[in-house]
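Novice: Residue strings, one per chain:
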Amino acid sequence: MVVPLYNEATVVADVITGLRAEFPHVVCVDDASTDGSAALARGAGAVVVQHPVNLGQGAALQTGLTFALADPAMDSVVTFDADGQHQVADARAMVDRLAAEHLDVVLGSRFLDGRTRPGLLKRATLRAAVVQSNLSTGMKLTDAHNGLRALSRQAVQTLNIRQNRMAHASEIVAQLGRSELAWAEHPVHILYTDYTRAKGQSLWNSVNIVTELLHR
Amino acid sequence: MLIQIVLVVVIVAGGLALLRAPGGARNQALRRLGVLALAAFAVVTVLAPTTMTRLAGLVGVGRGTDLLLYGLAVTFFGYTVTSYRRTRLFEEQMTALARGMALTEAAAMQAQAAASAVQEQPRQGDGASR
Chain A
516 MVVPLYNEAT VVADVITGLR AEFPHVVCVD DASTDGSAAL ARGAGAVVVQ
566 HPVNLGQGAA LQTGLTFALA DPAMDSVVTF DADGQHQVAD ARAMVDRLAA
616 EHLDVVLGSR FLDGRTRPGL LKRATLRAAV VQSNLSTGMK LTDAHNGLRA
666 LSRQAVQTLN IRQNRMAHAS EIVAQLGRSE LAWAEHPVHI LYTDYTRAKG
716 QSLWNSVNIV TELLHR
Chain B
41 MLIQIVLVVV IVAGGLALLR APGGARNQAL RRLGVLALAA FAVVTVLAPT
91 TMTRLAGLVG VGRGTDLLLY GLAVTFFGYT VTSYRRTRLF EEQMTALARG
141 MALTEAAAMQ AQAAASAVQE QPRQGDGASR
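Quick mapping for you: the protein sequence lines, in order, are chains A and B.
All residue numbers for the first sequence refer to my numbering, where the first residue is 516 and numbers rise by one.
All residue numbers for the second sequence refer to my numbering, where the first residue is 41 and numbers rise by one.
Calculated from the structure, these hints are not laboratory results.
All the pointers check out, no bait thrown in.
Calculated Cβ distances over 10 Å to all of chain A for the following chain B residues: (1) M41; (2) A65; (3) N67; (4) L73; (5) V83; (6) V86; (7) G97; (8) R103; (9) Y110; (10) A113; (11) F117.
With the C-beta cut set under 10 Å, the calculated list includes, among others, these residues of chain A facing chain B: (12) V544; (13) D545; (14) Q565; (15) P567; (16) V568; (17) A574; (18) T578; (19) F582; (20) A585; (21) N679.
Taking CB as the label site, the calculated pair distances span: (22) B:Y119 to A:T532: 49 to 57 Å; (23) B:M141 to A:D586: 17 to 25 Å; (24) A:D590 to B:V46: 54 to 62 Å.
All C-beta atoms in this analysis are idealised placements derived from N, C-alpha and C, irrespective of residue type, glycine included.
Use the sequences and the hints to build the structure in full.
Specialist: Next up, the structure:
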């Protein structure tokens with residue numbers, strides 16, 4: 516499990532504990548949090564890799580992937596958010612599916628079943644992101660901005676995330692689209708609480724993401 | 041008009057430059073030549089305004105100062121493009137550096153934890169735990 520972490524002191528210990536009940540190897544990449552999240556994650560049993568300065572979630576993910584690759588026994592990685600939006604059961608199902616169907620990538624999608632209820636504006640923005648993503652990457656996804664992904668070792672080796680900040684999700688999809696890796700989408704439940712709604716990626720960021728990708 | 045063709049070509053070339061690899065001696069030299077050309081241009085405008093006006097007339101622009109303005113706008117655009125790309129390069133270097141530090145430190149901590157677990161084992165006899 517690769518968990519990018521930035522200032523989630525309120526929930527990170529619970530998230531890590533929940534993960535460790537199901538998965539023995541949890542790596543938390545602390546992106547220079549200022550609220551003591553790293554110590555809390557370590558206390559809950561995660562291996563914590565700490566960025567000396569804040570680089571962004573994309574950078575934290577890549578650091579986690581590089582760390583995981585150093586373990587020769589690693590055969591799959593799940594990227595999982597530290598804010599409690601993702602469900603451990605979904606991660607388990609995706610890892611099992613990765614092995615059972617001999618896939619390299621399983622991408623979580625909140626639009627494949629009816630469990631997730633985003634607000635109207637958020638849903639509209641996500642749908643627009645899907646259209647943009649499908650047009651530019653050639654991969655037909657139903658959810659282009661989902662942080663829950665299961666990746667085989669091969670997929671981890673293929674990826675090279677260079678977008679440090681929020682454009683990394685689109686970059687991952689684009690790289691997977693260009694590769695020959697076998698992929699599938701899997702229904703997941705994204706839990707929106709008041710806490711995550713307050714912290715969630717602002718819609719203004721969508722503008723930033725699109726301009727970042729243009730500059731690439 | 042000729043000026044329109046020139047401006048569009050320069051702007052499109054600048055935009056295309058966005059897509060190419062940042063850095064390089066050639067890009068740096070081109071940037072510096074661009075700045076020097078603009079400075080020379082500005083000096084000529086000040087010292088010989090009629091020359092500029094005639095040159096402007098050649099490409100379809102009304103006044104010499106207007107020509108200078110177009111040149112300035114295009115150069116500024118080019119500057120923001122190269123400036124952004126240079127910043128991008130610095131950011132990539134810093135990320136590689138910070139990542140290297142983070143991973144080195146994590147590996148050291150893991151080695152230390154493994155070493156102390158091995159040391160404790162004979163005393164406690166209940167198996168190493170991390």
